[in-house]
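Colleague: Please arrange chain B on chain A, whose structure you already have, making use of the hints.
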Amino acid sequence: MKKFVKVLFLIFAVTGVVAQFQNCAKKEAAFTDEIVEETFSFFSYRYEKATPIYYELQIIPVSSDATYQTYKLILFAANSDGGAADIQYEFEIFDSAGKSMCALKTGSLSGGVSRVEESCIALKASVLGRALVKVRNPGGAWEVLNESYIN
Amino acid sequence: MRLLAVLLFLISTELQAQQILPLFQNDSLRTFVTMPFRLRKSTSEGIPIVSIKLVSALSECKAMIDPNITSNFLIRCESPASVSVDVYFEFNGVIQKIRYGPLTVAQISDTGVVVQPPAVTDKYKTGRELFAAKCMECHQSPYEKENKSFTQIKQSIQSVGEMNKLNVLTDAQIQAIRDYLNHLD
Chain A
1 MKKFVKVLFL
11 IFAVTGVVAQ
21 FQNCAKKEAA
31 FTDEIVEETF
41 SFFSYRYEKA
51 TPIYYELQII
61 PVSSDATYQT
71 YKLILFAANS
81 DGGAADIQYE
91 FEIFDSAGKS
101 MCALKTGSLS
111 GGVSRVEESC
121 IALKASVLGR
131 ALVKVRNPGG
141 AWEVLNESYI
151 N
Chain B
152 MRLLAVLLFL
162 ISTELQAQQI
172 LPLFQNDSLR
182 TFVTMPFRLR
192 KSTSEGIPIV
202 SIKLVSALSE
212 CKAMIDPNIT
222 SNFLIRCESP
232 ASVSVDVYFE
242 FNGVIQKIRY
252 GPLTVAQISD
262 TGVVVQPPAV
272 TDKYKTGREL
282 FAAKCMECHQ
292 SPYEKENKSF
302 TQIKQSIQSV
312 GEMNKLNVLT
322 DAQIQAIRDY
332 LNHLD
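Residue numbers (the working numbering), protein chains in the order written: chain A, 1 to 151; chain B, 152 to 336.
Please note that a few of the clues may not be correct.
Claimed, not checked - List of simulated lysine to any residue pairs, SDA-like, C-alpha gap at most 25 Å:
#1 B:K296 / A:R46
#2 A:K99 / B:H334
#3 B:K305 / B:E288
#4 B:K276 / A:W142
Treat the hints as calculated values from the structure; they're not laboratory data.
Same shape as in the complex, but just chain A:
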């Protein structure tokens, strides 16, 4: 009987000690997800599958007067396989009401050129709402980026 009580006590003691450390391990999945999300956000990574073309538009306010704001629009685009196939592009920026702020820009990048700059003069009162960027290899489907600039 004494032996049984001792064993029982030992089991309770061990269980008590082990229970202290339950749920103490780092939750690896949640931890990783958080880092991945943070990293994707830093890179504005938006591709859900292998993209044939990496592309992005940078919008830079360069100068303004009482009436107008001039923006420099820089499109970067390159084939993801390092190939030299031409890239056709279209891009446009819109105000917060969905109205175009300046004319649609279109063209083609060839010979390994990966950057094009355009100028956009908009009414100073306009608030940038959205940018629409489309790129494709000739004859291919458009890859579309619809980037919102409003919180």
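Modeller: Just chain B now, kept in the frame of chain A:
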């Protein structure tokens, strides 16, 4: 001994054949730009990257492997920097390393001001992305189709010839597009 020398020579030749190609041109190495690079053989075939590690500019820049194209990696810096990166890949069952850089990342503009989109936290992200991927080839702006009901979108898909190809969308996806179109800023 001679065989070993030949083997070592062959391995070193093979290793030299691995190269990193910046996919954007050098004048695109700018702050705020997500710059893609590719690890490839001399035949242009991509080599899967095992891991990547920044060895300089740790506070200004980040690097990541493209999760969808594992031969490619991305670097982005928020301040001008001189960036070097170690790229690890497997060769003949052994992990090898290429140190790439230093690359000079310059300020994107003299004013240094860039309009950045807000962090993507919107709950209509799925609908927004579906609209961009499936609808914007014809509908240039979501504003031209705002406040549509689920039934209207579904009927359009079934009755408008050019939209028939969207029959693959599930009801949940159509609902996500509807939610997005009804909550435009």
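Colleague: Each hint should be assessed against the structure and marked as holding or not.
Modeller: Hint by hint, here is what the structure shows:
1. B:K296 / A:R46: holds, 23 Å
2. A:K99 / B:H334: Cα-Cα ~17 Å, so holds.
3. B:K305 / B:E288: Status holds; Cα separation ~18 Å.
4. B:K276 / A:W142: It holds: about 20 Å lies between the C-alpha atoms, which stays within 25 Å.
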